[in-house]
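**Student:** All chains should be modelled from the sequences, with the hints used to inform the complete structure.
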Amino acid sequence: MNKEQYGKIVKKNTPKEDRFLNALKAFIFGGLFGVLAELIMQFLRRLFNLTVLDATVWMMIIFIFFACLLTALGVFDKITTFLKAAIIIPITGFAHSVTSAALDYKQDGLIQGVGSNCFKMAGSVILYGVISAFILVIIGVIINV
Amino acid sequence: MSSILFKNVYLNDEATIVGPYEKNGQISFNNYLSDFYDNEKTFEDMEIKMQRNVLDNLLFKNNMHPEDVGIIVGGDLMNQITATSYNLRDYDIPFLGIYSACASFVESVIVASNLLETKFFRSAVAITSSHNLTSEKQFRFPVEYGALKPKRSTFTATGAVATLLSNKESKIKVESATIGKVVDFGIKDTFNMGAVMAPAAAKTILNHLQDLKRNINYYDLILTGDLGKVGTAILSDFFEQNNKIKLRNHLDAGTQIYTNEQETFAGASGPVALPLVLFNKILKQKKYKKILVVGTGSLHSPVMCNQKHTIPAIAHAISLEVRP
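Sequence order for the protein chains is C and S.
The first sequence begins at 1 in the working numbering and counts up by one.
The second sequence begins at 1 in the working numbering and counts up by one.
By construction, these hints were calculated from the structure, which means they are not laboratory data.
We put the CB at the ideal spot given by N, CA and C, even for glycine.
Some hints could be false.
In silico lysine to aspartate or glutamate, DMTMM-like type, Cα no more than 25 Å apart, as pairs [said to hold, decoys possible]:
1) S:K229 to C:D18
2) C:K8 to S:D189
3) C:K106 to S:E136
4) C:K78 to S:E261
Which residues of chain S face chain C? A partial, calculated answer using Cβ under 10 Å [what the hints assert, rightly or not]:
5) K41
6) Y86
7) P150
8) K181
9) D189
10) K229
11) A233
On the chain S side, residues computed to face chain C include the following (Cβ under 8 Å) [unchecked claim]:
12) V143
13) A195
14) K281
15) L283
**Tutor:** Next up, the structure:
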């Protein structure tokens, strides 16, 4: 039996993922998070008389705080099994990846452990986030000229 | 020829411990821990503690002291086979460390049986362990990270098993063994361990039958290690298409530990999965006389997987003869 024939057997016996259902869940719950974020922003703006920019920052801080707290309490990973990508794609997922890596390495010391490992997964988000922001700014400048 | 016949090696006793998921699964275990830490500071410490627990239990049950054990052979899934080596620093026993991922249990029995045949050692202990969260940490994502798992992925079993072997006659004879060859059928998917290991299992089973001139129906049961639901289906198709053999007497240990309600996807994996099922279910049923035990291990390294290499696998087999 060669690798191609074997590949066919593997494909036949490997269960398919419910991609559509997962995407639908992520869409609905992700949308609800968007609504929640908007509500929090409006609330902050009315209550503290903040500008839209300031209110956005505070709303994000609130989301990050709860993502970290729920990760530390050990429930965030259980929530993701229900909500799928809805909670991983927004800033909550980023905060979660940093906190969970930091928790894993807390016994390995502050420098060799937490310090060098907490951006293990978030590192690529930061790097490619900065690069894409840079490219977008250049495109923006060219268009505006 | 990759098979060995043993004249005089017996499995005398075993000691088992399991974690919380296994305890709530299909098989009832007497010795279990209710959480992943069990008052230890880290998961690594907990895995070492499980190994100590089974080794102490085994020695206690057989009225032995550490100096009565001729040699200990064993390994686990952590880098530098940490759990085994760190546990054994507290015992005055000669030690050979081995690694073949989830085939480690069978490999350690093969090495121990060979050493016993030389008659230089009076007794040998084969030991292995795995911990769901130490291996998650090592091979996949941080423990608390909510990475979504596909249905084809397996769930590393938590537990430890120590087995006492000697020339002293018992009901379970280690009759022969086949040493596996490294097999690679071009699978790159680190979630689909069943697909990686199934051809290794098939190859070792076929080599065993060929070397010893036996028919597949010679065995009452062929027990594979941790192929899971996906790997079991693949193995059966592989035999049917490649060798025109229908696998009727096959059971996979990975499918026997958890219930469907537990979110464990395709089933259990890890070096302990096989001995857990062998000792706590198969041998207790007293239904089978001739059992071929095939440990399957995926030899993947996260570094090589990141560098886009395909995943090699290995399977080792021992044949057990059980007397009523």
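**Student:** Next step is simple, just say for each hint if it's right about the structure.
**Tutor:** Hints, verified against the model:
With a C-alpha separation of about 18 Å, the suggested pairing of K229 (chain S) with D18 (chain C) holds against the 25 Å cut-off. Between the alpha carbons of K8 (chain C) and D189 (chain S) the distance comes to roughly 14 Å, so the proposed pair stays at or under 25 Å and holds. Using a Cα cut-off of 25 Å, the hinted pair K106 (chain C) and E136 (chain S) holds, with the two alpha carbons roughly 16 Å apart. A distance of roughly 15 Å separates the Cα atoms of K78 (chain C) and E261 (chain S); the hinted pair therefore holds under the 25 Å criterion.
Hint status for K41 (chain S) relative to chain C: holds, with the closest Cβ pair at about 6 Å, below 10 Å. With a cut of 10 Å, the hint placing Y86 (chain S) at the interface with chain C is violated, because the nearest CB-to-CB distance is about 15 Å. The restraint placing P150 (chain S) at the interface with chain C holds, with a minimum CB-CB distance near 6 Å, inside the 10 Å limit. The beta carbon of K181 (chain S) is not positioned within 10 Å of any beta carbon in chain C (closest approach about 15 Å), and the interface hint is therefore violated.
For D189 (chain S), the shortest C-beta to C-beta distance to chain C is roughly 8 Å, which falls under 10 Å, so the interface hint holds. Restraint check, K229 (chain S) versus chain C: the minimum CB separation of about 8 Å is within 10 Å; hint holds. Evaluation of the A233 (chain S) hint against chain C yields a held restraint, the C-beta minimum of about 4 Å falling below 10 Å. Hint status for V143 (chain S): holds, given a least beta-carbon distance of 6 Å to chain C, under 8 Å.
Look at A195 (chain S): its Cβ gets to within about 4 Å of chain C, closer than 8 Å, so that hint holds up. Interface hint at K281 (chain S): violated, since its Cβ lies 24 Å from the closest Cβ of chain C, which is beyond the 8 Å cut-off. Because the smallest distance between the Cβ of L283 (chain S) and any Cβ of chain C comes to about 29 Å, over 8 Å, the interface hint for this residue is violated.
Hint violations for this structure: numbers 6, 8, 14 and 15, all remaining hints satisfied.
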